[in-house]
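Chain residues, written in single-letter form:
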Amino acid sequence: MFLINCPYCGERDQSEFSAGGEAHIIRPKQPTELSDDQWAEFLFMRKNIKGVQLERWNHAHGCRKWFNMVRDTSNDKIHAVYKMGEKPPIK
Amino acid sequence: MSKNLRITNDKFIDQTSRISFKFDGKTLYGFKGDTLASALLANNIHLVGRSFKYHRPRGIMTCGSEEPNAIVQVGNDASMTEPNTRATEIELYEGLVASSQNCWPSVNFDVGAVNNFFSPLIPAAFYYKTFMWPASFWEKYEYFIRKSAGLGRSPTEPDKDFYDHRYLHCDVLVIGGGISGIIAAKTAAQNNLNTLLIDDKNKLGGTTLFQQNECFKINNTYSSEWLKKEIESLNLLQNLTIKTRTTLAAYHSYNYLLARENLTDHLSLSEKQNKIRQRLWKIRAKKVIISTGAMERPLIFNNNDRPGIILSSSIKKYIDYFGVKCGQKISLFTNNDSAYETAISLNKSGVTVNSVIDIRDKTDSLIVKQAEKLGIKIYWKHTVVNTSGYKRINSIDIMKLSDDGNEVVGKKFSEDCDCLGISGGWTPRVHLFTQSGGKLKFNDKDNVFLPDKSELEQISIGSCNGDFELDSIIKNSVESINEFLNINNNDYKNLEIVCSKELDKKNIWLLPSDKPLGKTKPFLDFQNDSTATDVKLALREGFKSIEHVKRYTTTGMGTDQGKLSNMHALGIIAETAGVKMGELGTTTFRPPYTPLTFGTIVGRNVGEFFDIIRKTPIHDWHVENKAEFENVGQWKRAWYYPKKNESMYEAVQRESKAARDSAGMLDASTLGKIDIQGSDASEFLNRVYTNAWSKLEIGKCRYGLMLNEDGMVYDDGVTTRLGENHYIMTTTTGGAANVLSKLEDYLQTEWPELDVYLTSVTDQYATVSICGPNSKKILSKVIPDLDLSDKEFPHMSFKNASIDNVKCRVMRISFTGEHSYEINIQSSFGKSVWEKCFEAGKEFNITPYGTETMHLLRAEKGFIITGQDTDGTMTPVDLQMDWIISKKKYDFIGKRSLYRSDTIRDDRKQLVGLITDDPKEVLEEGAQIVSETNKQPVEMLGHVTSSYFSPNLNKSIALAVVKNGKKLKGHKMFVPMKNKTINVTITDTVFLDKENKRLNA
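Each protein sequence line maps, in turn, to chains Y and W. According to the working numbering, the first sequence is numbered sequentially starting from 1. According to the working numbering, the second sequence is numbered sequentially starting from 1.
Calculated from the structure, these hints are not laboratory results. Among the clues, some could well be false.
[Unchecked claim] Short, incomplete list of chain Y residues facing chain W, as computed with Cβ under 10 Å:
(1) Q30
(2) T32
(3) K47
(4) V70
[What the hints assert, rightly or not] Rough simulated footprint, nothing fancy, chain Y against chain W, three-plus residues with beta-carbon under 8 Å:
(5) 732 to 745
(6) 894 to 904
The structure displayed is predicted, hence computed values, not measured ones. The C-beta atom is built at its ideal place from N, Cα and C for all residues, glycine as well.
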């Protein structure tokens, strides 16, 4: 059970959060100009890597804010959390 | 009580307070401080159970949580009985009732024991192999196998006990209160760290607690005396919390741990009353120190499972701690020094030690010399090759080992005994370490797996970390603790420690016998009856992975989870397969470490607290008026209101007719309500709904359909424009929370530039819906000063009003197709407004209706229910709702997906109406639809999503999704049922009032 450091509330139990998948997938500004393949790339394709991954999380049972997380999926280590719109602090 | 089996020992056992208990129907006596196991042994009872497969007699084998044999049924009450509890862990209390398991008619005479004689016919995976054929017979086999398998009886009535859950945060958690754990806890607490020390026993001290041997001294006193003072000093520490009778069950990532505290299991029946039985602690520790110690291993030889064969260290605990002799003539069999401690303890207490059989060559450690000095006979380089005695061991056969240890040589000789102590060395308890994700390494010298790498803030100290000798335990523990806690504690630096050192080691996983392997029974897993022979057979049959061998032979799959002898199984597999143990690895240790009761797991979340129940402000009225309720999400919604003996069908028919003929009323408070404000509110709605919102006038309402980004219908509802920058959105009852979180997601992550604020107001408003041709007259009585003319208050508009000076919002919207109003008022007035409307409507026979009638009425109009007529694969086009998709809007959620190659296919399933040829025939929801009846296999074209008998049309109607349904209007189809085939015709989805005349009636 993770201990997640919400950028707005501080450390809270994982049960207060919900995971929202891979981060930094930007919704295309002009979807109508995309081919089926390009749209499918945005809509369906996710990396799901073993190792350090950038993820979206929501403090659903807390401040309800969305934020991003740098997490190693191989050992569940959370390297950093950062607010929406910010660049990942760790490469 | 057999008096001669108790020695006087008032240190740990209060021999003045006698306790009576029942075992297998017989009344017996023990003392306060006894475990059920020690009390049984004191009564000379060894035989306590039968093994799982062969029903062999089995006795108490250990004194702790690793016990595989002495698992008993406690209690005989239908609600309180508990199966599979370990006699070695049950503290004796007045009134305890326990019985043997897995035997019939009794543990002494068990019919199932015939399996033992057939055991050559019952090899590993016998059941898998035998009962496979013919496959259709499995159900018959299963009945008999299930009947003869299984351990213990489940309670048949609800548990009457209380359990609870609590959270605990600490700087340092120390697991295990043996000598290293006590040093760790004391050091941490002394250094201002908030420390929690837990131990599964009722007293701290581990095995050092009763160590009174000349070979183990600290500062010139027995190690037990020294430790006693250390334990006393813990009481002075304010930062330290000690929890005994508390078992660490699970160690999760981020130092999140679950521990079960046993609060009343040791109390007498009257003392237990009205107390919390067990508590689950949810612990967050900044740092964790694991000091869980080690378990003694058995030895694997022919017939090593008889009652009276006990781990050597357990015999020592029974004599030194409980004052109980496990026998009068005890033999010991060992491959290491620790059996000599037992021999010396027994000798001191006046028990005859026949001999120590040691597989090693002669060794001269301090403790061995002491044993020799006491005149204890030792057979060096010998092994036990067989044991005798059916219900209790009575003799052992001994032979000399060859130089390489692979076979026995010389002449076999026998030794009479009534108890055999066995010691195969020590296995560190690394279970919790691996549960937490830690990786193990194999130590060839001691043949043990030890903690290696961990990602968490934790260390293992003491014998669970591979330190087995007193001086190294103290020295290494102190060093590790200092480094881990970043402190410098010198308290233990100058201790004078006397400690016997083990000089020689020898390990043989499977001891040789004078008989070939197939003719012997060297048990590995005592509970599941798997032998070394079974494991070897599995390897011969091609199993390589230990996880597979485990499941095939069931080794390590009992309630003890292989704690006792998994290491031997691994050793034999490695040897047979010719691989190194370090490469082979271990099977996975999963939580819980020892079994937990269901009560502990669920805590207080039972009965009405099992799940959250949401009730509308009008709920009490529905109850008073005999409504039947339906669960919608967490909500209790009025389903229908049966009058007298009405069936559900009759009630719904009556309600549906009344709503269209005169007036009906519905509690719509459960619909999700989201308050939307901000200067970009209109733009926001444009982006989340498929239709256009910018031009919606203030005071008007509009129906909206929300899609997922994949183009599939997600939710729907009416949204009203309350002001220039203010809307109120309604969602489906079940979708409310998800819609809000989806909208928040887009606002926060994709469109942070929009000035929009969302607030859930579902619970703040009660909604009373009145519909039917007389609804206008009724509302005019409730709110006389509101102009209800079609011109002033047309369909799809809203008015602010007040009822008895309480402000409310009135929407003229309709989910039934009738002239209809919804009054939204603050929750606390919901019930009084509902009652007011009901009073006002009485002269028009206003009829309260529930969700079932609501569903019927909307189906007559062909209105969809998301989640019933849609299932996450339906686009608005599939629903024939093309009209709601704005052509002008550049973008909205899901728009691009509406013309993906897959969503524009012609042959997608589309929503249609169905009329049965026989108007009385009502289709079953979920029934499949086909186009031909004489072909097999036939293609399923779709299924029925909603189906009712419409009292207003006097015929059966249904909605369905059918492949290419749009183009099949008028076509005949078939709905095959179990006993008949129903003929149907595909129609339009709107069955009643296609012109919408009733909206303004």
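Determine which of the earlier numbered hints do not hold for this structure and return their numbers in increasing order.
-> 3 and 4
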